[in-house]
Structure formats: C-alpha cells, structure tokens
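One letter stands for each residue in the lines below.
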Amino acid sequence: MDLTTIWFLLVAVLFTGYFILEGFDFGVGMLLPVLGRDDRERRVLINTIGPVWDGNEVWLITAGGAMFAAFPEWYATLFSGFYLPLLLILLALIARGVAFEYRHKRPEASWKRRWDAAIVVGSLLPAILWGVVFANILRGVPLDADHEYVGGLLDLLNPYALLGGATTLALFLTHGAVFLALKTSGDIRERAGALAVRLGAGAAVLAVAFLTWTLSIRSSAAAVVLAVGAAAALLGGLAAARVRREGWAFAGTAVAIGLAVATLFAALFPNVLPSTLDAAGTLTATNAASTPYTLKIMTWVAVIFTPIVLAYQGWTYWVFRKRIGVANIPQH
Amino acid sequence: MDALDVARWQFGVTTVYHFLFVPLTIGLSVLVAILQTMWHRTGNERYLKLTKFYGKLFLINFAMGVVTGIVQEFQFGMNWSDYSRFVGDIFGAPLAIEALVAFFLESTFIGLWIFGWDRLPKRAHLASIWAAAIGTNLSAYFILAANSFMQNPVGYRLNPDTGRAELTDFPAVLTNKVALITFPHTLAGSFLVAGSLVVAVGLWHLIRNRDSADTGAYRFATKFGSWVVLVASAAVLFTGDIQGKIMTDVQPMKMAAAEGLYTTESPASFSVLTVGSLDGSRELFAIKIPYLLSYLGTGDPNGTVHGINDLQAQYASQYGAGSYTPIIPVTYWSFRFMIAFGMAAGAIALLVLWSQRKGRTPSSRWLLRAGLAMPVLPLLANSFGWIFTEMGRQPWIVFGEMLTRNGVSRSVSLTEVLTSFTAFTLIYATLAVIEVKLLLRYARAGVPDVNEQPPIDDTTDDAERPLAFAY
Chain A
1 MDLTTIWFLL VAVLFTGYFI LEGFDFGVGM LLPVLGRDDR ERRVLINTIG PVWDGNEVWL
61 ITAGGAMFAA FPEWYATLFS GFYLPLLLIL LALIARGVAF EYRHKRPEAS WKRRWDAAIV
121 VGSLLPAILW GVVFANILRG VPLDADHEYV GGLLDLLNPY ALLGGATTLA LFLTHGAVFL
181 ALKTSGDIRE RAGALAVRLG AGAAVLAVAF LTWTLSIRSS AAAVVLAVGA AAALLGGLAA
241 ARVRREGWAF AGTAVAIGLA VATLFAALFP NVLPSTLDAA GTLTATNAAS TPYTLKIMTW
301 VAVIFTPIVL AYQGWTYWVF RKRIGVANIP QH
Chain B
1 MDALDVARWQ FGVTTVYHFL FVPLTIGLSV LVAILQTMWH RTGNERYLKL TKFYGKLFLI
61 NFAMGVVTGI VQEFQFGMNW SDYSRFVGDI FGAPLAIEAL VAFFLESTFI GLWIFGWDRL
121 PKRAHLASIW AAAIGTNLSA YFILAANSFM QNPVGYRLNP DTGRAELTDF PAVLTNKVAL
181 ITFPHTLAGS FLVAGSLVVA VGLWHLIRNR DSADTGAYRF ATKFGSWVVL VASAAVLFTG
241 DIQGKIMTDV QPMKMAAAEG LYTTESPASF SVLTVGSLDG SRELFAIKIP YLLSYLGTGD
301 PNGTVHGIND LQAQYASQYG AGSYTPIIPV TYWSFRFMIA FGMAAGAIAL LVLWSQRKGR
361 TPSSRWLLRA GLAMPVLPLL ANSFGWIFTE MGRQPWIVFG EMLTRNGVSR SVSLTEVLTS
421 FTAFTLIYAT LAVIEVKLLL RYARAGVPDV NEQPPIDDTT DDAERPLAFA Y
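Chains as they are written, first to last, in my numbering: chain A, 1 to 332; chain B, 1 to 471.
Check the hints yourself; a few may be wrong.
[To be verified] To list a few chain B residues with every Cβ distance to chain A over 12 Å, as calculated: (1) A93; (2) R119; (3) A124; (4) N302; (5) L351; (6) S420.
[Said to hold, decoys possible] No farther apart than 30 Å at their CA atoms in a straight line, the calculated lysine-lysine pairs in the BS3-like style are these: (7) B:K437 - A:K296; (8) A:K105 - B:K177; (9) B:K245 - A:K112; (10) A:K322 - B:K52; (11) B:K56 - A:K322; (12) A:K112 - B:K177.
[Said to hold, decoys possible] In silico contact screen, one side only, chain A against chain B (beta carbon under 8 Å); selected entries: (13) N47; (14) L235; (15) M298; (16) T299; (17) A327; (18) N328.
Read the hints as simulated data drawn from the structure, not as lab findings. Glycine included, every Cβ here is placed at the ideal spot set by N, Cα and C.
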C-alpha cells in the first residue's frame with residue numbers, strides 16, 4: 001500500500017475516532033435540558049463527560065493537523081471553501097468548551113442557565129454542521145481547475161447535505177442517550193435508556209436513507225459492506241438498548257457511527273474532494289498529497305505515538321468507569 | 001480595506017489573544033506541579049492548599065487556551081489557504097505532531113488531574129499534572145518550530161513544477177537555530193507571567209488579609225513566585241541576547257527595523273528612545289548607547305549592523321521592485337515595550353523579596369499596587385514580543401519565499417472574513433471579561449480548606465459518596 005493510501009486511511013481513522021468520541025459528548029450536551037430536570041441532574045450529565053471531553057476534542061485537532069500535513073491541498077481547499085460552516089463550528093466549540101469549565105464556578109441560577117444554553121447550542125450546531133460538511137465532501141463541490149472553491153454558501157445547503165446534517169444530529173443524540181444510560185445511575189439512567197430507544201428509531205431511518213443516497217452518488221464494494229455493517233450495528237445497538245444491555249447498546253451505536261463515517265471515506269476514495277464542475281479540479285489522494293518524504297516521517301511518528309495515545313486515553317475511561325448519580329454530586 | 005487586511009487583523013487579534021492564556025498554561029502547570037510535589041515530599045498541608053488554590057486559577061485560564069487554540073489551527077486553512085498550499089508539506093508536520101504528541105498528553109492528563117483527586121493513587125495523580133505540564137511545554141516547541149520556518153526557512157527546496165516548498169530535511173526544521181532559541185525565550189516569558197500571577201495573588205492576601213490563618217502559605221507563595229520571576233527575567237535576557245544575534249544574521253531587516261536604523265553603522269549605537277519621526281528624516285531627541293547595538297547584534301562592539309536603506313536596496317535587486325521594509329514605528333516601539341514591560345516585572349519581584357527580608361511582612365500600599373500590576377506587565381511584554389517578531393518579518397509570510405499578500409485565501413470574500421473577524425472579536429471580548437472576573441473572584445477567595453479524602457476503595461460500597469471534584 002502506498003503512503004498516500006495509508007494517510008488517507010489515517011485521516012479517515014482520526015475523523016472516525018473523533019465522531020465516535022465527541023459524538024456522545026455532543027449528544028450529552030444536547031440532551032442537557034431534556035434529561036436534566038434540575039441543576040443536580042444537569043450536573044450529573046455534564047460530569048459523565050467532564051474528564052474526557054477535552055481529550056475527545058483533540059481527535060479533531062489531530063485530524064485537522066494530519067490533513068494539513070499529509071494533504072495540504074485538501075486542507076486548504078476544504079477549510080477556505082467551507083468557510084461559514086467551519087466558522088460556526090469553531091464558535092460553537094469555543095462557547096461549549098468554556099461552558100463546561102465555567103458553569104459551576106458561580107452559584108447564581110442565571111449564570112448556570114446561560115452556560116447551559118451555550119452547551120446546548122454549542123453541541124447542536126457542530127452535530128448538524130459536521131454532517132453537512134462531510135456530506136458535501138462526498139457529494140463534491142464546485143472547484144475550478146486550480147482546486148479553488150467557486151461556489152457559495154447555498155451550494156453547501158443542498159438536500160443531500162441537509163439530510164447528512166439531520167443524520168449526524170440523530171445519531172449523536174442517540175449515541176449520547178445510550179452513553180448516559182451506561183454512565184449514570186438511578187432515575188436518569190432509566191429515562192436515558194427509554195429515550196435512546198425512541199431517538200434510535202428516528203436515527204435508524206435517517207441513517208439508512210442517508211447511506212442509501214450516499215451509495216447512489218458514489219460507491220465501492222467496501223462502501224456497501226461498511227454501510228450494511230453500520231445499519232446492522234445500529235439495529236443491534238438499539239435492540240440491546242431496548243433490553244437495557246447498556247454496554248452492548250453503546251458498543252452498537254459507537255460501531256454504527258464509526259462504520260457510517262468509514263462508508264463515506266470508502267465511497268470517496270481515491271478522491272478526497274470531488275469537483276462538480278471541471279474534472280481537473282477534483283482533488284485526489286494523489287494530487288492533494290504531500291511529498292513521500294513528509295509522509296514517511298509522519299508515518300513513523302504516527303506508528304510510535306498512536307498506540308501510546310490510545311493506551312492512556314483508554315486508561316482514562318477505565319479510571320472514570322463508575323456510574324454517576326445525583327448522590328455523587330457535591331454541594332459545591 | 002480588502003480581505004487581506006481583515007485576514008491579517010484577524011490573525012493578529014486571535015493570536016495575541018490566544019497567547020494571553022498560553023503563557024499561564026505553560027508556566028502555571030509547572031508551578032502547580034512543583035507545589036504538589038512539595039506537598040508529597042513534606043506532607044505539609046500548606047503546599048496542598050496552594051496546589052488547589054493556584055490549580056483552580058490555572059484551570060479557569062486553561063479552558064480559554066484550549067478553545068482559542070483550535071481557531072489557530074483552522075485559521076491557516078480558512079484565511080491563508082494559499083500559504084497552506086505553499087508550505088503544507090513542511091508546516092503541517094509540526095502541527096500534526098504537536099496534536100498527536102503534546103495535545104493528547106496535555107488534555108487527557110489534565111482531565112485525570114482535575115477529576116482524579118479521589119480516583120487515582122496519590123503518586124499517579126501527581127504524575128498526571130506533570131504529564132499535562134510536559135505536554136503543554138512540548139506543544140510550545142512544535143508550534144515554535146513551525147513559526148521559525150516562517151522566520152528562517154530551512155530544510156526545504158522549492159519545486160519548480162508545483163511552485164511549492166517541499167520538505168527535504170525534517171531534523172533541520174526541528175533544529176532550526178531560530179526555533180532552538182525562541183523556545184527557551186518563549187518559555188522564560190511564560191514563567192514570567194506565571195510567577196507574576198503567583199506573586200500578585202499571594203501579596204494581595206499578605207497585605208489585605210493580615211489576620212488570615214494562611215499567612216504562612218501566602219508568604220511562601222509570594223517568595224516562590226518572586227524567585228520564579230527573577231530567574232525567568234534572567235533567562236529572558238540571556239536568551240533574548242542570543243536571539244538578537246541570530247536575528248541580525250538571518251533577518252537583518254528585522255533588527256534594523258527594531259532599531260529604526262536607516263544607515264549601516266559600524267560601530268552601531270543602541271537607541272533607547274527616539275522622539276521625532278521614525279522614517280529616518282528627522283530626529284528631535286534621542287538617547288543612544290554607543291557600541292551597544294553592534295554588541296547585541298554581532299557580539300563585537302565594533303561590528304557592522306546593516307541599515308534599512310541598504311537592506312531595502314539589496315532586497316529590491318534580489319527579489320524585484322517593491323517595499324521590503326516593515327512598519328518601522330510598530331517594530332521600533334513594540335521591541336522597546338517588550339523589553340521594558342518584561343524587565344519591570346523583574347524589578348517589582350526584587351522589591352517584593354526585599355520587603356520580606358528577615359521575616360518581615362510587607363505592608364506598603366504602593367508595593368501592593370506594583371504587585372497587582374505584575375501579571376499584566378509580562379502579558380504586555382509577550383504580546384509586544386509577538387507583534388514585533390511577526391510585524392518585523394513583513395512583508396514576508398515566509399521570509400524570502402512568499403509575501404504575506406500572496407498567502408491569503410483567494411476564494412474567501414471580504415464579507416466572509418469580516419463576519420469571522422467580527423464574530424471572534426465579539427466572543428473573545430465577552431469571554432475575556434467573564435474570565436478576568438472569575439479569576440479575581442477565585443483569587444480573592446483565597447486558599448481553600450483541605451480535608452483529604454482517601455481514594456475510592458472498590459471493595460467497599462461507596463456508591464453514594466460525593467465526588468471529590470465535579471463540574
């Protein structure tokens with residue numbers, strides 16, 4: 001396998017990891033007013049992701065950095081072309097990240113209410129917009145022969161991309177509810193489990209529609225297998241959620257999101273950003289890539305450090321494996 | 001005004017803003033780790049109180065550093081896509097490595113530290129803050145290596161077919177002499193901020209809160225912070241001196257611009273202050289120290305320092321017609337403000353130590369005012385340092401290779417950049433007010449009471465026990 005293919009896979013793995021991990025903490029953020037009926041309950045929800053959300057977000061920073069290093073043309077065209085969606089995502093991530101840290105720093109209800117709003121909106125916007133962005137990557141956008149984006153904002157808001165946004169929204173909500181059922185105790189756990197099943201039904205419909213539409217735009221044998229796998233994992237996860245097997249349910253939604261993202265990348269390959277205009281404008285894993293020398297160095301760094309990162313991040317989840325309930329929330 | 005101007009302003013504002021938080025994260029993570037280590041070594045509760053107290057201030061600041069950092073990474077692609085295309089082969093690698101090697105370490109272990117007081121064995125908990133501190137300091141190295149490529153491009157070749165810069169020697173990029181000296185200079189500047197904050201808060205409690213049971217803790221903190229500031233001041237001077245010589249070598253125009261030196265001089269004198277115009281035409285009043293600039297720039301009191309006019313002529317013949325001169329008043333004054341504000345913090349630290357000689361307790365209102373100003377001074381020094389080094393590189397985005405105006409995104413409209421610049425400015429200003437108020441509130445509250453909890457024991461049923469820390 002050549003280096004550009006390896007790096008295409010690595011970028012895919014990084015984004016897949018990002019959506020699995022931050023997917024549930026976006027879900028938790030959005031469900032804050034739904035499952036958290038009072039301040040104590042909302043604190044339970046926030047504390048399920050408290051120790052890990054920041055580490056989850058580094059998956060995005062690493063994915064962006066890897067894209068910049070391995071495929072500078074892809075990074076440059078994508079980030080300048082998808083300007084306003086990415087701006088909104090950045091603003092949302094800023095508000096939400098600060099909100100987690102500052103919300104409990106003052107006792108006033110009005111203070112907490114404002115930060116709660118920041119958490120909800122800051123989780124909702126990226127949950128939708130990432131779907132819009134990735135659907136457009138797969139569908140292709142207007143690029144001229146210099147690989148410059150020549151479309152406008154409205155080009156990004158096509159029906160397929162909006163379905164993509166609705167799909168990631170529904171998947172992350174379900175994933176978040178399943179995660180909360182796994183990580184909380186008492187009443188919240190019951191409500192989260194029941195909600196997961198209802199949300200999951202909607203997510204399954206949207207996901208199947210979106211993946212079918214995806215495969216009709218571009219497809220490969222691997223993409224079809226992955227899409228079927230994603231649907232099966234989601235249904236399996238929901239079946240487990242129904243019978244309150246929370247660990248299995250979470251594994252199901254995690255695998256479903258992972259395989260759905262993998263489907264997009266598999267269908268996209270060897271392109272990385274197709275042009276809907278001039279075929280010469282299409283960016284591929286070859287014409288967008290860095291030199292073999294850069295890719296070789298990056299490969300060594302990735303081979304050495306990725307297992308270390310996975311080990312200590314996995315260990316963090318083990319340290320904070322206990323369920324949290326209202327009784328665990330301190331007064332201050 | 002066009003998209004280029006706005007993109008430049010946005011980069012300036014978001015970068016200076018980001019670097020208000022980063023130095024505290026870099027410096028305070030290490031200082032908190034040292035305090036916690038002292039608690040482990042001595043068992044003295046005073047150090048635990050200080051760890052938790054300054055740890056809280058650290059975390060209020062940390063969150064801001066994290067979220068404003070993501071903007072920096074995205075911004076290269078969003079506003080500077082032609083720059084990203086040109087240098088991606090070289091510039092992307094340190095950024096990706098920074099994320100993989102440093103940010104994961106920092107953010108994962110900071111989570112373990114914040115929430116791990118009762119979940120981790122004591123030693124593992126201590127190791128967590130050290131791991132986070134190491135991650136933070138490592139990240140500074142990689143990002144400065146990337147920046148140093150823009151100041152002094154090394155380890156690359158220009159591919160004539162693609163018109164892009166290509167990496168040929170990665171170790172050379174990582175050991176760029178500009179990076180090797182900028183890294184310790186930046187760290188020293190960061191410890192200047194962190195030490196100053198420790199002093200300011202400690203001194204306030206020492207003077208305003210005289211009957212506190214924790215006077216001993218504040219007395220220690222004030223001394224500890226003052227020593228950090230003094231050592232950091234010395235390190236800033238020492239590394240800054242070497243940096244000046246390297247700058248004279250690789251970016252002579254920047255050195256000339258720092259001094260407003262128009263004609264080549266040997267020996268050259270250092271301008272302390274100039275009143276008049278800085279375009280070289282008219283000088284009303286100036287204080288100059290003979291030989292000093294030659295010494296700073298070359299190490300030899302009689303060495304030649306090239307002037308702006310000669311360098312401009314040289315670059316024009318080398319790179320084609322055009323201006324290769326930065327905006328002189330900006331570089332001249334930012335260079336002086338950087339030095340003055342940085343050294344002022346060091347001077348106040350000396351006063352604070354003097355006020356505590358032989359066990360005395362300081363009480364002067366003037367000393368308190370000076371002490372409270374302390375954290376602001378190195379923050380200003382850092383900001384002016386960055387303004388100097390980035391504005392001094394202009395008109396280049398990559399010195400000698402790419403002009404800033406050629407690096408901007410072609411597909412991004414003025415409206416889009418204006419929207420983005422306005423949005424970031426508004427959200428950053430709002431968050432700055434909130435952050436400073438929170439810092440003051442928690443700084444005033446003083447060191448917390450500590451009652452140590454044994455780590456959670458898996459063999460007993462403690463499902464109902466409150467967490468040691470919760471959001």
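Are there hints from earlier that the structure breaks, and if so, what are their numbers? Failing hints, ascending: 1, 2, 3, 6, 7, 8, 9, 12, 14, 16.
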